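Number of protein chains: 2
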Amino acid sequence: MPPFEVPEGDPFGPHNLPYGVFSTSGSTQRRVGVRLGDHVLDAGAAALALGSPYATLLARPTLNPLLAAGRTTWSDVRRALTAWVTVPAHREVLEPLFHPLAAVTLHLPFEVADYVDFYASENHARNAGRIFRPDAAEPLTPNWKHLPIGYHGRAGTVVVSGTDVVRPSGQRKTSPGPAEAPVFGPSVRLDIEAEVGFVVGAPSEQGRPVPLGDYREHVFGLTLLNDWSARDIQAWEYVPLGPFLGKSFATSVSAWITPLDALEDARVAPPARTHPLLPYLDDTAEEPAGYDLRMSIAINGHVVSEPPFSTMYWTAAQQLAHLTVNGASLRTGDLYGSGTVSGTEPAQRGSLLELTWNGQDPLELPDGKRTYLEDGDVVTMSAWAPGPGGVRVGLGDVSGRIVAG
Amino acid sequence: MPPFEVPEGDPFGPHNLPYGVFSTSGSTQRRVGVRLGDHVLDAGAAALALGSPYATLLARPTLNPLLAAGRTTWSDVRRALTAWVTVPAHREVLEPLFHPLAAVTLHLPFEVADYVDFYASENHARNAGRIFRPDAAEPLTPNWKHLPIGYHGRAGTVVVSGTDVVRPSGQRKTSPGPAEAPVFGPSVRLDIEAEVGFVVGAPSEQGRPVPLGDYREHVFGLTLLNDWSARDIQAWEYVPLGPFLGKSFATSVSAWITPLDALEDARVAPPARTHPLLPYLDDTAEEPAGYDLRMSIAINGHVVSEPPFSTMYWTAAQQLAHLTVNGASLRTGDLYGSGTVSGTEPAQRGSLLELTWNGQDPLELPDGKRTYLEDGDVVTMSAWAPGPGGVRVGLGDVSGRIVAG
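Keeping their order, the protein sequence lines are chains B and H. Residue numbers are given in numbering that gives the first Met the number 0: position 268 of the first sequence equals residue 267, and the series is strictly consecutive. Residue numbers are given in numbering that gives the first Met the number 0: position 103 of the second sequence equals residue 102, and the series is strictly consecutive.
Rather than coming from a laboratory, the hints here were simulated on the basis of the structure. Every clue listed holds true.
Derived SDA-like pairs (lysine to any residue); straight-line CA-CA distance at most 20 Å:
no., chain 1, residue 1, chain 2, residue 2
1, B, LYS172, H, PRO275
2, B, LYS144, H, PRO239
3, H, LYS144, B, GLU179
4, H, LYS144, B, PRO175
5, H, LYS172, B, LEU276
6, B, LYS172, H, LYS144
Pulled from the structure, derived: some chain H residues nowhere near chain B, Cβ distances all over 10 Å:
no., residue
7, SER22
8, PRO99
9, PRO307
10, THR310
11, TRP356
12, ASP360
Stretch by stretch, here's where chain B covers chain H in the computed footprint (C-beta under 8 Å, at least three residues):
no., stretch
13, 143 to 149
14, 163 to 176
15, 267 to 281
Here the structure is a predicted model, which means the values were calculated and not measured. Ideal placement from N, C-alpha and C gives every residue a C-beta, glycine not left out.
Generate coordinates for the entire structure from the input sequences, incorporating the hints supplied.
And the structure:
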């Protein structure tokens, strides 16, 4: 089908227009692309062909210059792109600048500055607490309802969807006795975490917190994120300074960054708060910063869970306000993950830890039982959100295959 | 004194030659500099003036190209620099390319990729355990002797020595009761951590661990590092995912990176190991990777502690092997901190947490008592190591002043 003729209701129609970076077999030069249906528009070439002033932002090998440009420019560029793909007069010029999605190679679309991972799903945190501290009266730690718990992860191992993930090796305990020495070998509890990643565009100054209301001035858009986790490595290492090698081997993100402007119709209020919040986190007077994203997790093509992002207790705006309240600066390309998304139902859980209750209750897949991931397993996360007039806004899939170390 | 006439025994003589990045009042262009005594040689200009092939690495605004070049080139460049500053024939050409240290502005010398902080001093870990878990029979967590505990910090807030540090605000508990809500405000327990930072030059591939013996192929050099810590913010936030806002507001490093080649005479074996180590961490057959660095911490010019780096249980080589054993890749500019350096004696402790036993036992300074840092306090860390023929190798100071938020 020709690029301009996107079927009605296509989740990647002109109402969406996510950004990525691609190359072709004919040219290994990386270029900013905008997805329309099952095609990619070479956005820089289009800007040059149409004499657009945005060529300086779009004719680049990474999204970083566009990310750095700030909210007003983001909206202006999006309006321009919308016109390019919808106004018939541009068709003749732009048609040769579209590439079939199946014919391009997609790359990590931006240079990741710092990567932070949060822990914002109350259902996930309660499940994790019940699994790891079965004797505790309260599965949530005392701070959970007062602040969005987060920690820094490894920016250098964030990879684009489609990248193979090498099973990590590391130390693990084979029984919990404190005197027993750990063993070394490939992780035997390799897990997924279904998350949404938020991409920071406009930077902020060190020493100056970013208030809740400035979230949209700094965050450009979002992506799906798989926070691969080696539970056995993590369990042994994480006290007292948090997860390290259990997470740092790989984090996968979609090849497409969906701009916040495409998700206006998906904004929802977060769940009612059970505890009063300190003023810098109190969003009762703010516009809703939750998102009604319907996520799906498949292993080897078989759907195992459908986590609802609207259930997240802490919003991306609260996470940004918290992240910077101590004066930490933001840089273009900062990425922060929502934390594992788990709904209230068993079939809405965002990790195998929860779906199999730490391996006690295996999943039945068409190709056999699963507690944790096996070599060769392909995990694919997808999502959509309600868009204008009821049409869906598709997020780019994030997919990865486990290979032996 | 003219640049070439460095007094005998100067810790920044031609046996040292640390690298930095500077600009001058006459030119805001950042340039790689090499320190000789109380002067800075414009290394790129020198390379160009002498027709050196290293001009492509040195005539740059950051050390990253040199860092990326790898061990063989690092040693070659160092030999060339040593010749430039010692062979009399070069004096006439190079003399105008020296700038008095007092007349230049020093910048963060490299772009920090990922920042990891370790916890490698047994004395520090025992002190922290005793302070935070006074009722526990064993102050070390069960994993401490089996792996070098570490976590990721915020790369974007690493600042060069001399940068003011804004006192962070955040959540803290005013009493430990679990039902009591936190309060918000400026940290009242703002602390230091005296550390050594290791700067990665040569990258490594994702999925490929770096063995112990390859440490010197990847690590270019070291710096002093002050891991500023807000103890009250940290105490409330850090369970279960580790330190976050209690650390992420600022981390200071020296303006000078001391190449490993300058520290050959300072290499020492680490303390005897009390527990057998897994093969990837077992360094009994390796060259010693500890360093005999004599550190000093001063508050407002008054020395409060002299931590000995040779007491660190885990070496930088073990930390690198651990950091990558799960397949995590290295990037040029990765920085990892040793963890707080504390000796066995009270006057060798590397944090105010330990020096004042969490505020119970204030330090007596000439300008009054200190539990934690006050606004206006200037903290300066310095260090030296034994060099060739007994002359000292100086490390660049790391200094910072606390300013109100």
